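A.B. asks: Residue-level listing of the chains:
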Amino acid sequence: MKPVLVAKNLSKKYGRVVALDSADLELYPGEVLGVIGDNGAGKSTLIKVLCGAVIPDSGEILLDGENVTFTSPIEARKLGIETVYQNLALSPALSITDNMFLGREIRKKGFLGKFLRFLDKKAMADEARKRLSDLGLLTIQNIDQLVETLSGGQRQGVAVARATSFGTKVVIMDEPTAALGVKESRRVLELIGEVRARKIPIILISHNMPHVFEVADRIHIHRLGTRLCVIDPKKYEMSDAVAFMTGAKEPPKV
Amino acid sequence: MSKISDDISKDLKDQPKFTSDIGDKAQDHHTFDIGEQTFLKKLQHFLHGNPTIVPVIILILSVIAFGFIAGGKFFSAFNLSLIVQQVTIVGILAAAQTLIILTAGIDLSVAAMMVLASVVMGKLSIDFGMPTLPAIAIGMISGVVTGAINGLLVTRLKLPPFIVTLGTWNIFFALVIFFTGSQSIRSSVIEENAPLLHFWGERINLGGFVFTYGAFLMIAIFVFLWFMLNKTAWGRHVYAIGDDKDAAELSGIRTDRMLVSIYAVAGLVIAIGAWVSIGRVGSVSPTSFYEGNLDSITAVVIGGTSLFGGRGTIIGSLFGALIVGVFSSGLSIAGLDVLWQRFALGCLIIIAVGIDQWIRKVSN
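Chains as they are written, first to last, in this note's numbering: chain A, 1 to 254; chain B, 1 to 364.
Derived by calculation from the structure, the hints in this document are not laboratory data. Treat the hints with care, as some may be off.
As the list claims (entries may be wrong) - Below are the DSSO-like pairs computed for lysine-lysine, each with C-alpha atoms no more than 27 Å apart in a straight line: (1) B:K231 with A:K130; (2) A:K78 with A:K121; (3) A:K235 with A:K199; (4) A:K122 with A:K78; (5) A:K78 with A:K8; (6) B:K231 with A:K114; (7) A:K121 with B:K158; (8) B:K158 with A:K48; (9) B:K245 with A:K2; (10) B:K361 with A:K78; (11) A:K249 with A:K234; (12) B:K231 with A:K109; (13) A:K114 with A:K130; (14) A:K199 with A:K234; (15) B:K231 with A:K122; (16) B:K361 with A:K183; (17) B:K245 with A:K48; (18) A:K121 with B:K245; (19) B:K231 with A:K108; (20) A:K48 with A:K2.
None of these values were measured; they are calculated from a predicted model.
So that you can see chain A by itself, here it is in the shape it has in the complex (with noise of 0.2 Å):
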């Protein structure tokens, strides 16, 4: 099977600190993979390059086979590659169908939408509404309703069908889990789960061991810039990871 994403040699120095030193990713369609690493181990540069916020001083993306470059995240979304951020970017003033559509609206069809530009609000709603409930949302009543009144999961649950509903490639969730409580992370792992039976990959992002271990697929360890290695959750015990991480282990063979 071919990776959909596949990063080679990516380095990125901040003056002296070396955040990421010849780093290869390669993500395979349909799977969810967890990325995990002490602090300063250079995941969030990692995940930053890919998502188009940070430009690696070298290294090549190549997504679908295809060498892809991008210096901002709006472009690298336009090639199909979705971010969930760690604080949603979100509007909390608008509604709940104006942030699935913002910066990607419907507008009406003909001289109204042509020439005074007026937005397809029901076809936004409707769209919303089906987007939300295919990914088991649908306990969003309102679909007017404005972000601010909704909980940090179903924030989450707006943020997600948002990243998935725009012929995506790839989603990328940075810390998906780490503002909410016990109940709502749970259905966001669910939320995970809803994404992958579409076969949209995931690079998930966690600090939260027994989180990353019960969703992913397989695992992305990082240390000191580079992938240590990838291991398989099912093989693997939640301390050898955190073994691996900190160095107190030699990490097997890739």
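Guided by the hints, dock chain B onto chain A, whose structure is given.
C.D. replies: Positioned in the frame of chain A, the structure of chain B alone reads:
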């Protein structure tokens, strides 16, 4: 080293595993019980969902109050139409100001920009003998350009809008003095050479109520901007930028380009106001509307738009402007000194912002 990893593995073993330990068990203690809501809480929620209600209530209450205080004179057709006439210019400036404040900015240069545009229109058509219509068109362009300059300074130099517009306020004012040499263009001269400049000052009588064309234009501007803000992507992006600029950027909105366009549209609205102001005042005076900046901000704030951006309605600013007009008219008919009018207005601003803050707490 192995000591540490042993400790870690012990810690990890103590952690609950979701699937087995917590899983499907009821987690009801996690949901917040809304329970009995007091009347005050319900009111807070209602107002939060309907932000325009507050200025409407204040407007109705103040009209009733001044009806009692000032008597029948206040309700005379003449006085009510006078209020609308007086509010026209501040209303148009407030419409432009609303756009800027919705983006979490503030524009201190609106009045200077308007006077500059009116000077451009007056000078070109009177002193340079240009036909009036092209002169007006160039005045409109000057509004768009001065607005865009504000927008470019805010986005390129990353300066706070307060500072940028404090600077451009003085610059535009200085330009006005430079172009006019502190001389007004008299009303009679305009009437003779370029009567079109007075067009929006023409009046029609509707059953005792006298309205200038300018008042209708003001309403039209508000309706147009309401459609822009609520029915187009551009309008939703205005709110998104004011709400959280970084989030808007990450959602794919080109925030800098948007901001320049918002300042330019505000500039165009202000330039339209400049034409209306010539009709209202009669002459083109370099020193008129000196308080227009603060009056427009007052109208927007009383109209329920948050100075922190992202929340508010354009129609609220229309009500805000009317409230200011009702207050000044009512207090002067009641025979109060101008100083008490300003005093009352000051109280009104603080009350309006206080109510706004209280309503906002609903989301926490």
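A.B. asks: Hint by hint, say whether it matches the structure.
C.D. replies: A quick look at each hint next to the structure:
1. B:K231 with A:K130: holds (22 Å)
2. A:K78 with A:K121: holds (23 Å)
3. A:K235 with A:K199: holds (24 Å)
4. A:K122 with A:K78: holds (25 Å)
5. A:K78 with A:K8: Holds, at about 21 Å.
6. B:K231 with A:K114: This hinted pair holds, its Cα atoms lying about 13 Å apart.
7. A:K121 with B:K158: At roughly 34 Å apart (the allowed maximum being 27 Å), K158 (chain B) and K121 (chain A) break the hint.
8. B:K158 with A:K48: Measuring from Cα to Cα gives roughly 24 Å; hence the hint holds.
9. B:K245 with A:K2: Violated, at about 38 Å.
10. B:K361 with A:K78: violated (37 Å)
11. A:K249 with A:K234: holds (18 Å)
12. B:K231 with A:K109: Roughly 14 Å separates the two Cα atoms, so the pair holds.
13. A:K114 with A:K130: Between K114 (chain A) and K130 (chain A) the Cα gap is close to 25 Å, so the pair holds against 27 Å.
14. A:K199 with A:K234: Roughly 21 Å separates the two Cα atoms, so the pair holds.
15. B:K231 with A:K122: holds (12 Å)
16. B:K361 with A:K183: Roughly 25 Å between the alpha carbons, so the hint for K361 (chain B) and K183 (chain A) holds.
17. B:K245 with A:K48: It holds: about 19 Å lies between the C-alpha atoms, which stays within 27 Å.
18. A:K121 with B:K245: holds (23 Å)
19. B:K231 with A:K108: holds (10 Å)
20. A:K48 with A:K2: Distance of about 23 Å is within 27 Å: holds.
In terms of the numbered hints stated before, the structure departs from hints 7, 9 and 10, listed from lowest to highest.
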